[in-house]
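Heads up: the protein sequence lines correspond to chains A and B, in order. The first sequence begins at 70 in the working numbering and counts up one residue at a time. The second sequence begins at 214 in the working numbering and counts up one residue at a time.
Keep in mind the hints are simulated off the structure, nothing from the lab. Possibly wrong hints are sitting among the right ones.
Claimed, not checked - Here are the simulated DSSO-like cross-link-like pairs (lysine-lysine), alpha carbons at most 27 Å apart as the crow flies:
hint, chain 1, residue 1, chain 2, residue 2
1, B, K281, B, K291
2, A, K181, B, K291
3, A, K181, A, K70
4, B, K291, B, K237
5, B, K281, A, K137
6, B, K237, A, K70
7, B, K237, B, K281
8, A, K181, A, K137
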Amino acid sequence: KQEVTQIPAALSVPEGENLVLNCSFTDSAIYNLQWFRQDPGKGLTSLLLIQSSQREQTSGRLNASLDKSSGRSTLYIAASQPGDSATYLCAVSSSYNNNDMRFGAGTRLTVKP
Amino acid sequence: DAGVIQSPRHEVTEMGQEVTLRCKPISGHDYLFWYRQTMMRGLELLIYFNNNVPIDDSGMPEDRFSAKMPNASFSTLKIQPSEPRDSAVYFCASSFWGWTTGELFFGEGSRLTVL
Chain A
70 KQEVTQIPAA
80 LSVPEGENLV
90 LNCSFTDSAI
100 YNLQWFRQDP
110 GKGLTSLLLI
120 QSSQREQTSG
130 RLNASLDKSS
140 GRSTLYIAAS
150 QPGDSATYLC
160 AVSSSYNNND
170 MRFGAGTRLT
180 VKP
Chain B
214 DAGVIQSPRH
224 EVTEMGQEVT
234 LRCKPISGHD
244 YLFWYRQTMM
254 RGLELLIYFN
264 NNVPIDDSGM
274 PEDRFSAKMP
284 NASFSTLKIQ
294 PSEPRDSAVY
304 FCASSFWGWT
314 TGELFFGEGS
324 RLTVL
């Protein structure tokens, strides 16, 4: 069974810092990996989706990388802002059933002004 | 499009009562997912539909849980009878051509409290 782990569970940084969030998964037979953002009391918003054949995806200040063989992904946030404060979750889908998506517990990010 | 719409946003009920959660997916999306989120277990997939047909309900915790999708624009998740351990946030999500071909769009969730 796929296990998805996100470290750290919480992170607090001053505004302007570059930061990296980590996601690891136990089964490398994935179809793709997706990073989401969740604000308190809200649903999840998709940030980046990386297909298993890709190494990275970029959107604005966000860059997500994927190393399928080592079971790792990172989400890099450049020049962090207070508005980036949220919980970030990664999710992986199985190559056996691409609708079988497993979520990590998330990293709660606080960016201090 | 208004996005995935869920109702009610909050529901407080007593143990033993029937609870019905509703979801309207994004128009044109052919997959619909029901998730449950708790502090202890995180996000769990309960069931998903493709073109209104239930495909995988292996995540449904017990027979007390049931889900229907009578048409492409409406789905319900019902709990009968409800128990305190069912307290959680229930999310509906939809996608087009399956989750992997594009983004998965989530609703705002329905926060259920069973007393």
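Going through the hints against the structure:
1. For the suggested pair K281(B) and K291(B), the alpha carbons sit about 8 Å apart, so the restraint of at most 27 Å is met.
2. Only pairs whose Cα atoms come within 27 Å are accepted, and K181(A) paired with K291(B) is rejected, the gap being roughly 41 Å.
3. For the proposed pair K181(A) and K70(A), the alpha carbon gap of about 37 Å is over 27 Å, so the pair is violated.
4. In summary, the hint linking K291(B) to K237(B) is supported, as the alpha carbons are separated by about 15 Å, within the 27 Å threshold.
5. Restraint check for K281(B) and K137(A): the C-alpha separation of about 36 Å exceeds 27 Å, so the hint is violated.
6. Simply put, K237(B) and K70(A) have alpha-carbon atoms about 31 Å apart, too far for the 27 Å limit, and the pair is violated.
7. Proximity of K237(B) to K281(B) is assessed by CA-CA distance (about 12 Å); at most 27 Å being required, the pair is judged to hold.
8. Annotation: proposed proximity of K181(A) to K137(A) is violated, straight-line Cα distance about 33 Å (limit 27 Å).
Hint check: violations occur at hints 2, 3, 5, 6 and 8; the rest are consistent with the structure.
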